[in-house]
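Residue numbers (the numbering used here), protein chains in the order written: chain A, 1 to 160; chain B, 1 to 160; chain C, 1 to 160; chain D, 1 to 160; chain E, 1 to 160; chain F, 1 to 160; chain G, 1 to 160; chain H, 1 to 160.
Treat the hints with care, as some may be off.
Unchecked claim - Cut-off 25 Å, straight-line C-alpha distance, at most; resulting in silico cross-link-like pairs (PhoX-like, lysine-lysine):
| # | chain 1 | residue 1 | chain 2 | residue 2 |
| --- | --- | --- | --- | --- |
| 1 | H | K155 | F | K34 |
| 2 | D | K90 | G | K90 |
| 3 | D | K90 | E | K90 |
| 4 | A | K28 | A | K140 |
| 5 | G | K28 | G | K140 |
| 6 | G | K157 | E | K25 |
| 7 | G | K159 | E | K50 |
| 8 | A | K25 | A | K117 |
| 9 | A | K90 | A | K34 |
| 10 | F | K25 | H | K159 |
| 11 | D | K25 | B | K155 |
| 12 | D | K157 | G | K34 |
| 13 | D | K117 | B | K159 |
| 14 | F | K34 | H | K157 |
| 15 | G | K34 | G | K54 |
| 16 | F | K34 | F | K50 |
| 17 | F | K117 | F | K25 |
| 18 | D | K117 | G | K90 |
| 19 | A | K117 | A | K28 |
| 20 | C | K25 | F | K157 |
Claimed, not checked - Label-pair restraints from in silico Cβ distances:
| # | chain 1 | residue 1 | chain 2 | residue 2 | range |
| --- | --- | --- | --- | --- | --- |
| 21 | C | M1 | B | K54 | 30 to 36 Å |
| 22 | E | E44 | F | K90 | 36 to 42 Å |
| 23 | G | T134 | C | S12 | 57 to 63 Å |
| 24 | F | E26 | A | K159 | 48 to 54 Å |
| 25 | E | E15 | G | R143 | 28 to 34 Å |
| 26 | F | S12 | H | E43 | 41 to 47 Å |
Think of the hints as simulated: they come from the structure by calculation, not from any bench.
Glycine residues also receive a C-beta, built at the ideal position from the N, C-alpha and C atoms.
There are 8 protein chains.
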Amino acid sequence: MHKVSVIMGSPSDLETIQETINLLKEFKVPFAAKVLSAHRTPEELTAYVKAEEKRGVKVFIAAAGMSAALAGVVAAHTTVPVIGVPIETKNLKGLDSLLSTVQMPPGVPVACMSIGKAGAKNAVLFALEILGVTDGNIRKRLRRYRENMRFQIRKTKIKL
Amino acid sequence: MHKVSVIMGSPSDLETIQETINLLKEFKVPFAAKVLSAHRTPEELTAYVKAEEKRGVKVFIAAAGMSAALAGVVAAHTTVPVIGVPIETKNLKGLDSLLSTVQMPPGVPVACMSIGKAGAKNAVLFALEILGVTDGNIRKRLRRYRENMRFQIRKTKIKL
Amino acid sequence: MHKVSVIMGSPSDLETIQETINLLKEFKVPFAAKVLSAHRTPEELTAYVKAEEKRGVKVFIAAAGMSAALAGVVAAHTTVPVIGVPIETKNLKGLDSLLSTVQMPPGVPVACMSIGKAGAKNAVLFALEILGVTDGNIRKRLRRYRENMRFQIRKTKIKL
Amino acid sequence: MHKVSVIMGSPSDLETIQETINLLKEFKVPFAAKVLSAHRTPEELTAYVKAEEKRGVKVFIAAAGMSAALAGVVAAHTTVPVIGVPIETKNLKGLDSLLSTVQMPPGVPVACMSIGKAGAKNAVLFALEILGVTDGNIRKRLRRYRENMRFQIRKTKIKL
Amino acid sequence: MHKVSVIMGSPSDLETIQETINLLKEFKVPFAAKVLSAHRTPEELTAYVKAEEKRGVKVFIAAAGMSAALAGVVAAHTTVPVIGVPIETKNLKGLDSLLSTVQMPPGVPVACMSIGKAGAKNAVLFALEILGVTDGNIRKRLRRYRENMRFQIRKTKIKL
Amino acid sequence: MHKVSVIMGSPSDLETIQETINLLKEFKVPFAAKVLSAHRTPEELTAYVKAEEKRGVKVFIAAAGMSAALAGVVAAHTTVPVIGVPIETKNLKGLDSLLSTVQMPPGVPVACMSIGKAGAKNAVLFALEILGVTDGNIRKRLRRYRENMRFQIRKTKIKL
Amino acid sequence: MHKVSVIMGSPSDLETIQETINLLKEFKVPFAAKVLSAHRTPEELTAYVKAEEKRGVKVFIAAAGMSAALAGVVAAHTTVPVIGVPIETKNLKGLDSLLSTVQMPPGVPVACMSIGKAGAKNAVLFALEILGVTDGNIRKRLRRYRENMRFQIRKTKIKL
Amino acid sequence: MHKVSVIMGSPSDLETIQETINLLKEFKVPFAAKVLSAHRTPEELTAYVKAEEKRGVKVFIAAAGMSAALAGVVAAHTTVPVIGVPIETKNLKGLDSLLSTVQMPPGVPVACMSIGKAGAKNAVLFALEILGVTDGNIRKRLRRYRENMRFQIRKTKIKL
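Make the full structure from the sequences, and use the hints.
Quick look at the structure:
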């Protein structure tokens, strides 16, 4: 059974979220990914979130742009942790997606990541950290991932 | 049967929306007003919007603050016109509510008004303009309302 | 006689609004489209708005950029519903157009859509929703349009 | 005959603009002040601007808040210089008024001052500078005003 | 042993975070709370985060204002999930705290909540959701908490 | 003798301001144009502004980007009207130039135009309006210019 | 002879800068403080900056609000380090002062601190750090100051 | 021994900071440059800053983007002056980097430069100004650099 459920609000969000999907594969964490919109397929979204919760999914990742209601609406239907990724937008540069995703009213939390691809990558890493709370194996792999990043930076040579 | 359905996302929004309610009474347009949240009562909200549409409501007014998903979620469940009022907020001064309400993705429109009380009043006037498309009586009263405003401004005396 | 009157503030806005025009044709709703500016042709604009109202137009759509006075000035001359589309701008990315269009003072409402092409499309859909209040046929077509959108999203396949 | 014509969009703007009026008196420049709104009294505004131009007014000062179309609409009806004062607003702190006043499209200029009372005072000083282009007496008084300011600052003692 | 570790960047943040602390007590989840600053006590902070991780803490909540480096620095030293709360600020109204907390570079995720007290409350609820991934009892209590919220909203009566 | 004095803060601003220069030629108004920076050539700037005032220049146009001190510093040295043009910038899109130019403290006015090329064109038109206060010939040409703009817009045909 | 020269653009800035002055006294660093405006006393400012440089002043601190040209203009007249403090403003909350102070064009640097009192305090600490580059005694006192801050934070007790 | 220590948060920042490095060479000031991240290599960063301070480095330049904690974290570990350069970002255009770098809490100062390449160049010039406080030779070269800039601007010819 998959543990992470990735939902994106529009097929065009796939470009941003692809990195998320690749990183999940790299970590060999079973996941599902689906396009469902809070505004265009509200009923399918509600049904899907409930079904996923019943199937025992451990974390949701919801990525959407503009008036990004997606993560908040997913969170409204579950007490499984929901991570929100604000998709970059043409005009307001993702400021609209960011404020819509992060400024949740008290009572229904969404864990907002940074705008765009950086946030998409961090969404997976954060999902893994959540799974790592009780899974020592994932914790170990996360530490190795960090070590790798550290190593990449340490070996950087600057041509002066 | 009521024609205008006012939904606000939180009991604290009532202060902003009270003016809307008073203006609706003044215009003697039958209406219903209810507190329902896209994040805290998603199912009641969906059921209510569908029931209202079935009862033949002609316009929705949805007022919410912060990550203001309300108007968009109402619009997701109906093709009855939805007017959104972004409620002012403590920190970002309603900029979050404004962007969440106005930046709807293509396909599901919300008619966004200005932030706070000005927007709440305009929401009713716009609802009346919609009803006025086929109701000559409402059109007449709207013109009289405008004449009154005009008269108020024209009679203003400035002490120099 | 046409029912929807589209006004844009500058010939360069046509690129953004073209989608609106195409969608109106697709829905077979009779409409007129004209370039008239609140700043460069104020008198022609006033005369045109009044004439359109007399001809029985049911909804205005006004699209303009920068200090986007157009929608507000159209609304000042009529009690027919006015939908505003903030055109994207080179420097402030449409934030100027958005605030100029949406932040109407109390008394003269404008229904603001999202910035740019998304807003242009939603402007037509909202105009149709207004017409649909008393026209069951339009309501039916709007529902079919929504069904289509839903279907498009549901059939999206993600390559994992 | 008065030379400066002050127009404000709402009676509530008087508080901000009062300083303008007092400074005009102090400089003994004949002026008129009137409340007229681009949105609530568009026709009276148009007629008034044209009449003022015919009466030989030399400068307009237009102060308005929110979607501040006033200065732009005044400028649309005259080639007499128009100075715009963006009034501070409750929610967006005058950012809406500022962008609506300053971001005029090419062809119809408005001279935008700073937000609120600072801008109101500067509007008069700028009007006087315009009159001073051909009036040596006003130029002299403006220089004296500057000297006074300079003197005020120079004599400031700081308690260390 | 406590499961949630609350760190705030300044004693003045306590006012915002008090609600967090109260809610943790209400849920009877053992926790520790400490004032430690990324800028003023960087070494104590690093040592504390590592010690907390060793002690088996399951979630960090980090609340800070202005250039809010706290949550990011905590996240830099652990792979335990870190929830960030941007504290409201006097001048930029928390926009500085928000962007500093949410715009994390790829590789080191922080789960950002909304600005101020709303975010502080949601930080606890999100921490509980994380614990709830493997703790059915907490999940149950969270659902009851949601039910309560729902009930509060449903029983709201509006005086028309 | 030239009547309009155009100063730009950097050679790279010429691209934006070229239109200004062309329009001044088109109107056959004698002018001078010079690159002088408030930050890099403060003394030359001061000396130049004073010399220009002595030579009887009637209006200054000052265009600068980023922390655009230019227009304000010019205004600090003269009571001749100063028109400011905020140059667009790479990162903050001219918002920095705009706020630096428009938010003048009370006492020293600058007439701020819109950001970039639109503002550059309007700067000339506004300079001409100032000259037109006492020059009937310029007024006439300005009206003709407006008529032309109006004509351009009126003859626009939209392909439906 | 004093080593630090504090300049503020307006007597009203004293409230913000008072803390700076007190901290300088506490550190027993000789300093001068003066009100001089880039816009209202440009010549006195230029003369003063040059005289201060000749007197051997080691650091300037320049505090100003709105279109805060002060720090940049001081920097234009000296190669002595200039620290800028953006004063908080009524409408734009210091965002205008911040962008005017920090966004200096390449070639003339200003060291910008945070908005308001926090920045005023940091301006002194940064001035001391500059002096400390060659003054071991100041470096020692700065470290003691940091130790004190650290101690204050460490001893903070939170009532749970 | 090198006097200036340049740290950048990511290899991709090199493009922005290259100009800094070149200018340091041009001024023949010994320096070191290194990639170290506050989030990805926190321990290496801390150790490096302390080692650099011990080696007698006189100024730090820290360049980072997004939630740019780098300059603040460097400043947290030293009382040597730290100059921060906010790197431009894809979505928020460097506004996130700017606010994260400049809005330091009271007690730990960072000298923030403008966003991007302009700021990178100014960082070096400001570092040189700090060194110039006690090094007459550097002061002389800085003045010559300014003279050169001035000369470049003065010789600019505009084609009218």
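Hint check results:
1. K155/H with K34/F: 10 Å, holds
2. K90/D with K90/G: 12 Å, holds
3. K90/D with K90/E: This hinted pair holds, its Cα atoms lying about 16 Å apart.
4. K28/A with K140/A: Answer holds: K28/A to K140/A is near 13 Å, not above 25 Å.
5. K28/G with K140/G: Roughly 13 Å between the alpha carbons, so the hint for K28/G and K140/G holds.
6. K157/G with K25/E: 18 Å, holds
7. K159/G with K50/E: 24 Å, holds
8. K25/A with K117/A: 17 Å, holds
9. K90/A with K34/A: 23 Å, holds
10. K25/F with K159/H: 13 Å, holds
11. K25/D with K155/B: Cα-Cα ~23 Å, so holds.
12. K157/D with K34/G: 8 Å, holds
13. K117/D with K159/B: With Cα atoms ~18 Å apart, K117/D and K159/B stay inside 25 Å; holds.
14. K34/F with K157/H: 8 Å, holds
15. K34/G with K54/G: Holds, because 17 Å separates the two Cα atoms, which is no more than 25 Å.
16. K34/F with K50/F: 14 Å, holds
17. K117/F with K25/F: Holds - the C-alpha atoms of K25/F and K117/F are around 17 Å apart, at most 25 Å.
18. K117/D with K90/G: 10 Å, holds
19. K117/A with K28/A: 20 Å, holds
20. K25/C with K157/F: 18 Å, holds
21. M1/C with K54/B: 30 to 36 Å: 32 Å, holds
22. E44/E with K90/F: 36 to 42 Å: 40 Å, holds
23. T134/G with S12/C: 57 to 63 Å: Holds - the Cβ-Cβ distance for T134/G and S12/C, about 59 Å, lies within 57 to 63 Å.
24. E26/F with K159/A: 48 to 54 Å: At 51 Å between Cβs, range holds.
25. E15/E with R143/G: 28 to 34 Å: 31 Å, holds
26. S12/F with E43/H: 41 to 47 Å: Roughly 43 Å apart at Cβ, these two residues keep to the hinted range, so it holds.
In the structure shown, no violation is registered for any of the earlier numbered hints.
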